[in-house]
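First to last, the protein sequences are chains A and B.
Oh and the first sequence: position 83 is 83 in my numbering, straight run, nothing missing.
Oh and the second sequence: position 309 is 309 in my numbering, straight run, nothing missing.
If you are wondering where the hints come from, they were derived from the structure by calculation, not from laboratory data.
You may find that some hints are simply not true.
[As the list claims (entries may be wrong)] Stretch by stretch, here's where chain A covers chain B in the computed footprint (C-beta under 8 angstroms, at least three residues):
(1) 52-61
(2) 66-80
[Unchecked claim] Pairs of lysine-lysine, BS3-like flavour, derived with a Cα cap of 30 angstroms:
(3) A:Lys-85 to B:Lys-59
(4) B:Lys-115 to A:Lys-85
(5) B:Lys-139 to B:Lys-115
(6) B:Lys-59 to B:Lys-97
(7) A:Lys-149 to A:Lys-85
(8) B:Lys-139 to B:Lys-97
[Unchecked claim] Pair by pair, the computed Cβ-Cβ distance ranges are:
(9) B:Leu-62 to A:Pro-141: 42 to 48 angstroms
(10) A:Glu-22 to B:Lys-97: 40 to 46 angstroms
(11) A:Arg-54 to B:Arg-184: 36 to 42 angstroms
(12) B:Val-129 to A:Asp-32: 49 to 55 angstroms
(13) B:Arg-64 to A:Asp-11: 35 to 41 angstroms
(14) A:Pro-90 to B:Arg-184: 30 to 36 angstroms
(15) A:Arg-13 to B:Arg-64: 34 to 40 angstroms
(16) A:Leu-140 to B:Gly-130: 26 to 32 angstroms
(17) A:Gly-29 to B:Met-314: 57 to 63 angstroms
Note that this is a predicted model, so its numbers are computed, not measured.
Where a beta carbon is used, it is the ideal one built from N, C-alpha and C, also for glycine.
Single-letter residue listing:
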Amino acid sequence: MAESIIMSEQDMRRVILRIAHEIVENNRGCQDLVFVGMRTRGVPLAERLAAAIRDFEGEEVSVGALDIGLYRDDLPARGVEVRIKPSELPTDIADKRVVLVDDVLYTGRSIRAALDALIDYGRPQRIQLAVLVDRGHRELPIRADFVGKNIPTSHRDDVQVMLREIDGDDRVVITPVEGE
Amino acid sequence: MSSNAVERRGKSSAAAVREPPGEPLPSAVGAWQRRHVLDLDDFSSEEISLVLETADAMKEVLAREVPRVPTLRGTTIITLFYESSTRTRSSFELAGKVLGADVINVSAAASSVQKGESIIDTTRTLQSVGADILVMRHKASGAPYLAARHADISVINAGDGWHAHPTQALLDLYTMRSRLGDVRGRKVVIVGDITHSRVARSNLWGLTAMGAQVVLCAPPTLFPVGLDPADRDGCDELALPPVRFDTNLDRAIEGADVVMALRMQLERQQSGLVPSLREYSRLYQVNSQRMARAAPGVFVMHPGPMNEGIEISMEVAHGARSLVEEQVANGVAVRMALLYLLARRR
Numbered sequence: 001m002a003e004s005i006i007m008s009e010q011d012m013r014r015v016i017l018r019i020a021h022e023i024v025e026n027n028r029g030c031q032d033l034v035f036v037g038m039r040t041r042g043v044p045l046a047e048r049l050a051a052a053i054r055d056f057e058g059e060e061v062s063v064g065a066l067d068i069g070l071y072r073d074d075l076p077a078r079g080v081e082v083r084i085k086p087s088e089l090p091t092d093i094a095d096k097r098v099v100l101v102d103d104v105l106y107t108g109r110s111i112r113a114a115l116d117a118l119i120d121y122g123r124p125q126r127i128q129l130a131v132l133v134d135r136g137h138r139e140l141p142i143r144a145d146f147v148g149k150n151i152p153t154s155h156r157d158d159v160q161v162m163l164r165e166i167d168g169d170d171r172v173v174i175t176p177v178e179g180e
Numbered sequence: 001m002s003s004n005a006v007e008r009r010g011k012s013s014a015a016a017v018r019e020p021p022g023e024p025l026p027s028a029v030g031a032w033q034r035r036h037v038l039d040l041d042d043f044s045s046e047e048i049s050l051v052l053e054t055a056d057a058m059k060e061v062l063a064r065e066v067p068r069v070p071t072l073r074g075t076t077i078i079t080l081f082y083e084s085s086t087r088t089r090s091s092f093e094l095a096g097k098v099l100g101a102d103v104i105n106v107s108a109a110a111s112s113v114q115k116g117e118s119i120i121d122t123t124r125t126l127q128s129v130g131a132d133i134l135v136m137r138h139k140a141s142g143a144p145y146l147a148a149r150h151a152d153i154s155v156i157n158a159g160d161g162w163h164a165h166p167t168q169a170l171l172d173l174y175t176m177r178s179r180l181g182d183v184r185g186r187k188v189v190i191v192g193d194i195t196h197s198r199v200a201r202s203n204l205w206g207l208t209a210m211g212a213q214v215v216l217c218a219p220p221t222l223f224p225v226g227l228d229p230a231d232r233d234g235c236d237e238l239a240l241p242p243v244r245f246d247t248n249l250d251r252a253i254e255g256a257d258v259v260m261a262l263r264m265q266l267e268r269q270q271s272g273l274v275p276s277l278r279e280y281s282r283l284y285q286v287n288s289q290r291m292a293r294a295a296p297g298v299f300v301m302h303p304g305p306m307n308e309g310i311e312i313s314m315e316v317a318h319g320a321r322s323l324v325e326e327q328v329a330n331g332v333a334v335r336m337a338l339l340y341l342l343a344r345r346r
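Isolated chain A (complex conformation) (with noise of 0.2 angstroms):
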């Protein structure tokens, strides 16, 4: 049950910092860029990559924050959140290069019904999609774009990302769960 820290706040502000730059370069600036983050923790993700950007490229990109409640496949097995709140897109997203934010990236079910939700918002140009942890184990064909850091776990595992806006710090911990 020993949980272990596998990203500090440091690694955490280093990582963030590493993926804005990445997606402004590939990107080629700002131009027609929008950040959205999935709920609950790639929506504040998505907010510091916005800020770290306002700061080095002195660029505004806008945050919208998505909800896939409405299209997930695995809620009546898996008995997870049932609890929904409005999607909050902060400008039409048709023709836009939309970048998905999320924390973990694990079987790609969730990017799966994000992607689902997005189109039905309008056909951006792009998507792309940043993750701050690959846990690997996919189970669709569904890669990101950007990762902050890829770490192998086993399916028992369990991995957080604890952000200050929601849980107080910051700090991602693996924690093998015993038993089933």
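Please build the complex by placing chain B on the supplied structure of chain A, with the hints as guidance.
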């Protein structure tokens, strides 16, 4: 597996699994254990809040250019109406379709009900056909409870006799909350034929659960026995919600944040419960003069269909303070929320 055990115990278990007041909900799954929505009398404020929050997300879907999500794909909803309805039925149908469900409307007049099939048999038939959720309206109080007890599908009460109309009360709460914020401590006056109103009864439970101060206003002949605290002789064990009763609308309306007028059914005059509709409207009509006595910023509501000029004046019904059309629009979002929660729970 405890949730399965709860499920098997059926309707009466709803109160038992309610969270103790004041304690945070352990998880979202714990917040919604219901299989049926029959009335609000056993809803906790947490459950009501969950429905209203979920309706916020549904409202966002309805505001889209193409309001359609795949959430309930593969779910079949059957509406079974033994009584006529425009807004309730159409809003359930739309709610189901926006969520991607298949919706089948069965009207009692054109079904085997005409051939004498019982409620229990009809419900089981619809279950065998493949329904997941049954939305039912019936003129007999308690009919949806009977259906719920004898089938394995979810039942939503869309109005039963004089007894309950929980989805209307939830959309009323949602409409109030969206305009007033929290309804806690707000004064809500419900005026009209309380005795025969399932809307008033469900609203009573919902509003008091959320901490609103409810005043019922009616002529004594249209006020149900046992609700007035003054004559609750021996009825206290029924745990009736705390409400005030007033026969004088001019007095009751003072300082009101919301005034809800109820439909005056025209046949009540024939049965002698009101001397004349003219006298009724002189004493109980919600009009501009009376609205002026309410709190500044008061809103007026009506569950519809309205008799304009009788229980509500035309100028108030369509005035700036009227939420009547908003109530109808919110009805779709609230019913989507309930369908979603029931389907997720299955």
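Verification of the supplied hints:
1. Residues of the segment 52-61 of chain B lying with their CB closer than 8 angstroms to a CB of chain A number 7, which satisfies the three-residue condition for coverage.
2. Check on the segment 66-80 of chain B: 5 of its residues sit with their Cβ under 8 angstroms from a Cβ of chain A, so the three-residue criterion for coverage holds.
3. The straight-line distance between the Cα atoms of Lys-85 (chain A) and Lys-59 (chain B) is roughly 10 angstroms, inside the 30 angstroms bound, and the hint therefore holds.
4. A threshold of 30 angstroms between alpha carbons decides the hint, and for Lys-115 (chain B) with Lys-85 (chain A) the separation of about 46 angstroms lies outside it, so the pair is violated.
5. Restraint check: the Cα-Cα separation between Lys-139 (chain B) and Lys-115 (chain B) comes to about 18 angstroms, which is no more than 30 angstroms; the hinted pair holds.
6. Our distance criterion of 30 angstroms between C-alpha atoms is met by Lys-59 (chain B) and Lys-97 (chain B), whose separation comes to about 14 angstroms.
7. Under the criterion of a C-alpha separation no larger than 30 angstroms, the hint pairing Lys-149 (chain A) with Lys-85 (chain A) is consistent with the structure, at around 29 angstroms.
8. Taking the CA atoms of Lys-139 (chain B) and Lys-97 (chain B), the gap is near 26 angstroms; set against the 30 angstroms cutoff, the hint holds.
9. Between Leu-62 (chain B) and Pro-141 (chain A), the C-beta spacing of about 33 angstroms breaks the proposed range 42 to 48 angstroms.
10. Between Glu-22 (chain A) and Lys-97 (chain B) the C-beta distance comes to about 43 angstroms, which sits within the given range of 40 to 46 angstroms.
11. A hinted range of 36 to 42 angstroms for the beta carbons of Arg-54 (chain A) and Arg-184 (chain B) is consistent with their spacing of about 40 angstroms.
12. Distance hint for Val-129 (chain B) and Asp-32 (chain A): a CB-CB separation of about 50 angstroms, consistent with the stated range 49 to 55 angstroms.
13. Here the CB-CB span from Arg-64 (chain B) to Asp-11 (chain A) is close to 39 angstroms, well matched to the stated 35 to 41 angstroms.
14. Remark: the range hint 30 to 36 angstroms for Pro-90 (chain A) to Arg-184 (chain B) is upheld by a beta-carbon distance near 33 angstroms.
15. In this structure the hint that Arg-13 (chain A) and Arg-64 (chain B) lie 34 to 40 angstroms apart at CB holds, the actual value being about 37 angstroms.
16. Checking the proposed 26 to 32 angstroms range against Leu-140 (chain A) and Gly-130 (chain B) shows it holds: the Cβ atoms sit about 29 angstroms from each other.
17. Roughly 59 angstroms separates the CB atoms of Gly-29 (chain A) and Met-314 (chain B), a value that falls within the hinted 57 to 63 angstroms.
This entry does not satisfy hints 4 and 9, going by the numbered hints stated previously.
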